[in-house]
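> Turn these sequences into a full structure, and let the hints steer you where they fit.
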Amino acid sequence: MVFFTKSWRRGFIVSLAVAAFSLSLISSAVAAVTLNGSGATFPKPLYDRYFSQMRSANQITVNYEGTGSGAGIRALIAGTVDFAGSDAPLTPAQIGQVKRGVIAVPTAGGAVAVIYNLPGVNNVRLSSDAMKGIFEGKITRWNDAKIAGIAGQAKNLPNTAIRVAVRADGSGTTFIFANHLQAIGSSIKGATQPSWPGSPISGQGNAGVAGLVRQTAGAIGYVQDTYARQNKLQTAFIQNRKGRFVDPSLAEAEKAFAGETFPANFFLVEGNPNDGYPIVGLTWLLVYKEYPAAKADAIKKMVNWVMTTGQGINKQLEFTSIPSATAQKVIQTVNSSVVAKG
Numbered sequence: 454m455v456f457f458t459k460s461w462r463r464g465f466i467v468s469l470a471v472a473a474f475s476l477s478l479i480s481s482a483v484a485a486v487t488l489n490g491s492g493a494t495f496p497k498p499l500y501d502r503y504f505s506q507m508r509s510a511n512q513i514t515v516n517y518e519g520t521g522s523g524a525g526i527r528a529l530i531a532g533t534v535d536f537a538g539s540d541a542p543l544t545p546a547q548i549g550q551v552k553r554g555v556i557a558v559p560t561a562g563g564a565v566a567v568i569y570n571l572p573g574v575n576n577v578r579l580s581s582d583a584m585k586g587i588f589e590g591k592i593t594r595w596n597d598a599k600i601a602g603i604a605g606q607a608k609n610l611p612n613t614a615i616r617v618a619v620r621a622d623g624s625g626t627t628f629i630f631a632n633h634l635q636a637i638g639s640s641i642k643g644a645t646q647p648s649w650p651g652s653p654i655s656g657q658g659n660a661g662v663a664g665l666v667r668q669t670a671g672a673i674g675y676v677q678d679t680y681a682r683q684n685k686l687q688t689a690f691i692q693n694r695k696g697r698f699v700d701p702s703l704a705e706a707e708k709a710f711a712g713e714t715f716p717a718n719f720f721l722v723e724g725n726p727n728d729g730y731p732i733v734g735l736t737w738l739l740v741y742k743e744y745p746a747a748k749a750d751a752i753k754k755m756v757n758w759v760m761t762t763g764q765g766i767n768k769q770l771e772f773t774s775i776p777s778a779t780a781q782k783v784i785q786t787v788n789s790s791v792v793a794k795g
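Residues in the sequence shown are numbered from 454 upward in steps of one, following this note's numbering.
Just so you know, these hints were derived from the structure itself, not from any lab. A hint or two may mislead.
To be verified - Distance ranges between label pairs, derived from CB positions:
id: 1; residue 1: Gly605; residue 2: Ser648; range: 33 to 39 Å
id: 2; residue 1: Pro745; residue 2: Lys768; range: 32 to 38 Å
id: 3; residue 1: Ala711; residue 2: Ala607; range: 30 to 36 Å
id: 4; residue 1: Thr669; residue 2: Ser648; range: 17 to 23 Å
Positions of the beta carbon are idealized from the N, C-alpha and C atoms, including for glycine.
Structure, rendered in structure tokens:
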């Protein structure tokens, strides 16, 4: 009996050692995998922080290139990336083109700031009518009555020509912005790359639009809010549904998302919320449902980290967090739906 107990003990210890060794091999295999993604520039500051911290914590190596939502979706469909980023929801046609299936992972919400170049003129306020008129090419001077007529602005606004700056690339930031204009009654058509009236100047990415606005007197454009803050750009106060003129702050973006319910596919879109800053949107990581074994494990690990630890980073960069109940549903969906093939 004593001999049996000692043998069992030795066997148990050996089994534990083998199990620990196996787990370390699995962990090392996941850590050794590199995931490559591209797409939306809107969350680029956030994703840079996510993936840097994941790498520092020896979680996993993830590379992300801000190419624009349209380019990211095209890369996902072509299968040239491990995941994509988009601020625009996929259309049914696009979903049908992703042969390995796709899951949308909402990672953050944020504001799109309206930036302008009027030296010495601060806190410009724009009504819904002014916004529509400017971007439809119908309001062409900064002292137009629809802008100057907003209380307290007439004496500050110069007779300077308005130059509209837009994104040249297919962009989720543009989707969020155009979605708002359409929600307030604008005639502008299109989503990630609208047909803008008139002759707007155009730049690649947030940096391109910001650069054009900086160097062009009287210019107005739109960029992701964190980018605007980090680069100390002038931002306008935009009228919301309550009639308030609101700045693109984190508190006002959170107010805009309050009470919203995520659908089963996690593609929540709101063009003109009930309150808060009115030009807001979500951003998503788009992951496949099928991967080679090591990458399937790595994708699950990435999503689990982003939806738990990563959410604590969002507010540091002026992004809203995903509600914890929704985050848990996302994790469950990814863990159960992403499978190893081949």
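> All the hints need checking, so say for each whether the structure fits it.
Quick rundown of the hints versus the structure:
no.	hint	in the structure
1	Gly605 - Ser648: 33 to 39 Å	holds (35 Å)
2	Pro745 - Lys768: 32 to 38 Å	holds (35 Å)
3	Ala711 - Ala607: 30 to 36 Å	holds (35 Å)
4	Thr669 - Ser648: 17 to 23 Å	holds (22 Å)
Comparing the model with each numbered hint stated earlier shows that all of them hold.
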